[in-house]
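Use the sequences and the hints to build the structure in full.
In the order they appear, the protein sequences are chains A and B.
If you read the first sequence in this note's numbering, its first letter stands for residue 62, the second for the next number, and so on.
If you read the second sequence in this note's numbering, its first letter stands for residue 7, the second for the next number, and so on.
Note that these hints are calculated values from the structure, not bench results.
Ideal placement from N, C-alpha and C gives every residue a C-beta, glycine not left out.
Possibly wrong hints are sitting among the right ones.
[Said to hold, decoys possible] Each computed EDC-like pair below joins lysine to aspartate or glutamate, with the alpha-carbon atoms no more than 16 Å apart:
#1 A:Lys91 with A:Asp243
#2 B:Lys204 with A:Asp243
#3 B:Lys207 with A:Asp243
[Stated by the list, open to error] Only part of the chain A face toward chain B is listed, based on derived beta-carbon distances under 8 Å:
#4 Asp94
#5 Asp105
#6 Met108
#7 Gly119
#8 Ile124
#9 Trp142
#10 Phe146
#11 Tyr179
#12 Leu180
#13 Met183
#14 Lys189
#15 Arg241
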Amino acid sequence: MSIKKFVVGCFTEEQALFSAVKKVRSTGYKIHDVYTPMPIHGLDKAMGLRDTSLHTAGFIYGITGTTTALSGIGWIFTSDWPLNFGGKPHFALPAWIPITFELTVLFASVGMVLTFCYLCQMAPFVKKHHFHLRSTDDLFVMVLECTPTSDEAEMSTFLNGLGAKEINVQEAETGWWLGRYDRNTQPFEKKTASTLA
Amino acid sequence: MALLMYESQVRPPLVDGDKDYHQITEDIIRPIESDPSKLWWTGFLIAVALLCFGIYSVTREVIYGVGQWNLNKTVGWGWDITNFVWWIGIGHAGTLISAILLLFRQGWRTGVNRAAEAMTIFAVICAGQFPIWHMGRVWMAFFVMPYPNTRGPIWSNFNSPLLWDVFAISTYFTVSLLFWYAGLLPDLATVRDRAKLKWRKFFYGLTSFGWTGSTKHWQRHEALSLVLAGLSTPLVLSVHTIVSFDFATSVVPGWHTTIFPPYFVAGAIFSGFAMVQSLLVITRKVLKLEEYITVEHIDVMNKIIVLTGSIVGVAYLTELFISWYGQNKFESWAFMQNRVNLFSPLGWSYYIMMGCNVLSPQIFWFRKMRRNLTVTFFMSVIVNIGMWFERFVIIVTSIYRDYIPSSWSTYYSPSPWEIGFYLGTFGLFFTCFFLFSKFFPVIAVAEIKHILKRSGENYKEQMGHAEQEPVEEFAHEMAHAH
Numbered sequence: 062m063s064i065k066k067f068v069v070g071c072f073t074e075e076q077a078l079f080s081a082v083k084k085v086r087s088t089g090y091k092i093h094d095v096y097t098p099m100p101i102h103g104l105d106k107a108m109g110l111r112d113t114s115l116h117t118a119g120f121i122y123g124i125t126g127t128t129t130a131l132s133g134i135g136w137i138f139t140s141d142w143p144l145n146f147g148g149k150p151h152f153a154l155p156a157w158i159p160i161t162f163e164l165t166v167l168f169a170s171v172g173m174v175l176t177f178c179y180l181c182q183m184a185p186f187v188k189k190h191h192f193h194l195r196s197t198d199d200l201f202v203m204v205l206e207c208t209p210t211s212d213e214a215e216m217s218t219f220l221n222g223l224g225a226k227e228i229n230v231q232e233a234e235t236g237w238w239l240g241r242y243d244r245n246t247q248p249f250e251k252k253t254a255s256t257l258a
Numbered sequence: 007m008a009l010l011m012y013e014s015q016v017r018p019p020l021v022d023g024d025k026d027y028h029q030i031t032e033d034i035i036r037p038i039e040s041d042p043s044k045l046w047w048t049g050f051l052i053a054v055a056l057l058c059f060g061i062y063s064v065t066r067e068v069i070y071g072v073g074q075w076n077l078n079k080t081v082g083w084g085w086d087i088t089n090f091v092w093w094i095g096i097g098h099a100g101t102l103i104s105a106i107l108l109l110f111r112q113g114w115r116t117g118v119n120r121a122a123e124a125m126t127i128f129a130v131i132c133a134g135q136f137p138i139w140h141m142g143r144v145w146m147a148f149f150v151m152p153y154p155n156t157r158g159p160i161w162s163n164f165n166s167p168l169l170w171d172v173f174a175i176s177t178y179f180t181v182s183l184l185f186w187y188a189g190l191l192p193d194l195a196t197v198r199d200r201a202k203l204k205w206r207k208f209f210y211g212l213t214s215f216g217w218t219g220s221t222k223h224w225q226r227h228e229a230l231s232l233v234l235a236g237l238s239t240p241l242v243l244s245v246h247t248i249v250s251f252d253f254a255t256s257v258v259p260g261w262h263t264t265i266f267p268p269y270f271v272a273g274a275i276f277s278g279f280a281m282v283q284s285l286l287v288i289t290r291k292v293l294k295l296e297e298y299i300t301v302e303h304i305d306v307m308n309k310i311i312v313l314t315g316s317i318v319g320v321a322y323l324t325e326l327f328i329s330w331y332g333q334n335k336f337e338s339w340a341f342m343q344n345r346v347n348l349f350s351p352l353g354w355s356y357y358i359m360m361g362c363n364v365l366s367p368q369i370f371w372f373r374k375m376r377r378n379l380t381v382t383f384f385m386s387v388i389v390n391i392g393m394w395f396e397r398f399v400i401i402v403t404s405i406y407r408d409y410i411p412s413s414w415s416t417y418y419s420p421s422p423w424e425i426g427f428y429l430g431t432f433g434l435f436f437t438c439f440f441l442f443s444k445f446f447p448v449i450a451v452a453e454i455k456h457i458l459k460r461s462g463e464n465y466k467e468q469m470g471h472a473e474q475e476p477v478e479e480f481a482h483e484m485a486h487a488h
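Structure representation (structure tokens):
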């Protein structure tokens, strides 16, 4: 959660992105993020992002569901209240498979979606800074983070050379805040010396 | 120009016309941003009227009891459970399109998956109504949920297929809803970022959860979709399998058949695709989305209809053969007297089922028929009538004349309130679908953009030139494209 300065470059063709990302990284600029209207396969690798572990989380949620179902039904039917169904065994594993399967799937999916929302910091009334409104329509927006030593004009010329069509400098909050999209809420007051005092 | 991905000219384009990314957004989001047409209002009001009649019918049932329906000994399950299985079956096509076809990397699913998944969710909501209100004392519906209670604790019976059904259908509904909504997030963000009106900014800002389109988020989103698809695939097969267990694990002749699970699943996909066709043939016309839901899409879905219809046909004949081959008198009675005998009280329903489900879809062997919209729409209605009768045949003809002739109830026919309840679920379904088509993008915008450069008409034409190029040159260009 902090306000930083960014140089924003908008591309109209996704092919240009791959070579641009490579050049930006080799030059040594820091890519804050690339915002695209649809998934672009391989861009995450080009940007050097690590693979997501969401699958692993899903697996863990799944086996939690399996154990919940098996141990729950097992305890209920063999110890808590053993009902007699025509003298059949109390521990009737084959008959429990459908519910066990359903709970596995239920736990895995609900858990994964919640984890996804948590990791991406997404929920109703969550608001984030938009570098360009058309990044959900037809623009591919590359955002470079400025450091105290970086020269914005130089970065803009660099992005222009890579094929970016629209370039500007923005100051933005990097995190999320609670707000509504029909209102212009400022995330946090700028923490200047006077407000801190 | 370097091409992102090569695809053969043999495959027809999935997006017609000269489109770019912005045009796709414009085309698909236009219905949301413009006022609904008179046609929309007419359809919506009819749906709401039906829904109100359904609510009235159900209210009568709650006040006066299940006696408002003409259920009796031995027909304890009649129209209500028939309708339940019918609606659940319809839901299956949505998951098949969104999950199984995603795993099989079928590009054409992108044009129809959003609407089909919405259809799934609404169909499951409709299906759920029947067992719930059939309970009679519906205020005790929560008894099906296992929780430590003060009644013993008496737990629900985990060995009963009816309880499996509770778990299967509630899981199916939840997972379908999550899958559908996860897919909707980026598209809702697209609507939000274009919104001019205050309420639209608020509503789509709220529902899009603050989606930005960050590369990391897309990476997680793709992983989530893939795993949810992998989970939904066995789930959708399990749901109708478990529905078929409601019958197959009983000892009623005509029901206790081992063939039921695959037979029910094939039937479900069959009727579901028919419902997708009924909805999309109209939707694409009304919302002017013919370039995204092309005749090609309709053609492919008709192929699935003829395939699954034939699988169902084989199942019918197998059942019939086994009832003779098994040499069980009661089984044979259920099939030969209650069903095949045209002059028995409900024999006619067996022939409606055979005609609509097995014979009529065979016209889809002809390409001309598959690509004819009128024929497709007509057939989709016929198939759903046939599939309704399939469930009616299975449920009612198996039980209306059982072991003791003195308890035969040969005159089972639904009461007006039974029919009203069924019509009410149509109202519910179409009310939901009309609202969906007005307020949500009926086609997955981001997914269409994703396949545009591979399967869009204008891009495929460029690939035609690529096919004329020498192979080495093309391979060289491709190697540098990434």
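Proposed interface contact between tryptophan 142 (chain A) and chain B, which counts if any beta carbon pair is under 8 Å: Holds, about 6 Å.
16 Å limit on alpha-carbon distance, applied to hinted pair lysine 204 (chain B) and aspartate 243 (chain A): holds (5 Å)
Answer holds if the nearest beta-carbon of chain B is closer than 8 Å to that of arginine 241 (chain A); otherwise answer violated. holds (6 Å)
Against chain B, is aspartate 94 (chain A) within 8 Å by beta-carbon distance? holds (5 Å)
Any CB of chain B closer than 8 Å to the CB of methionine 108 (chain A)? holds (6 Å)
Please verify that hint: methionine 183 (chain A), Cβ, nearest Cβ of chain B, below 8 Å or not. holds (4 Å)
Interface restraint verdict for leucine 180 (chain A) against chain B (beta-carbon cut-off 8 Å): holds (6 Å)
Against chain B, is lysine 189 (chain A) within 8 Å by beta-carbon distance? holds (5 Å)
For the hint on aspartate 105 (chain A), just tell me whether its beta-carbon gets within less than 8 Å of chain B. holds (4 Å)
Under the criterion of a CB-CB separation shorter than 8 Å, is glycine 119 (chain A) in contact with chain B as hinted? Holds - the Cβ of glycine 119 (chain A) comes within 8 Å of chain B, reaching about 5 Å at its closest.
Given the hinted pair lysine 207 (chain B) and aspartate 243 (chain A), is their Cα-Cα distance within 16 Å? Holds, because 5 Å separates the two Cα atoms, which is no more than 16 Å.
Checking one constraint from the list: CA of lysine 91 (chain A) to CA of aspartate 243 (chain A), max 16 Å. Satisfied? Since the Cα atoms of lysine 91 (chain A) and aspartate 243 (chain A) sit roughly 32 Å apart, the hinted pair is violated (cutoff 16 Å).
Comparing the model with each numbered hint stated earlier shows that hints 1, 8 and 11 do not hold.
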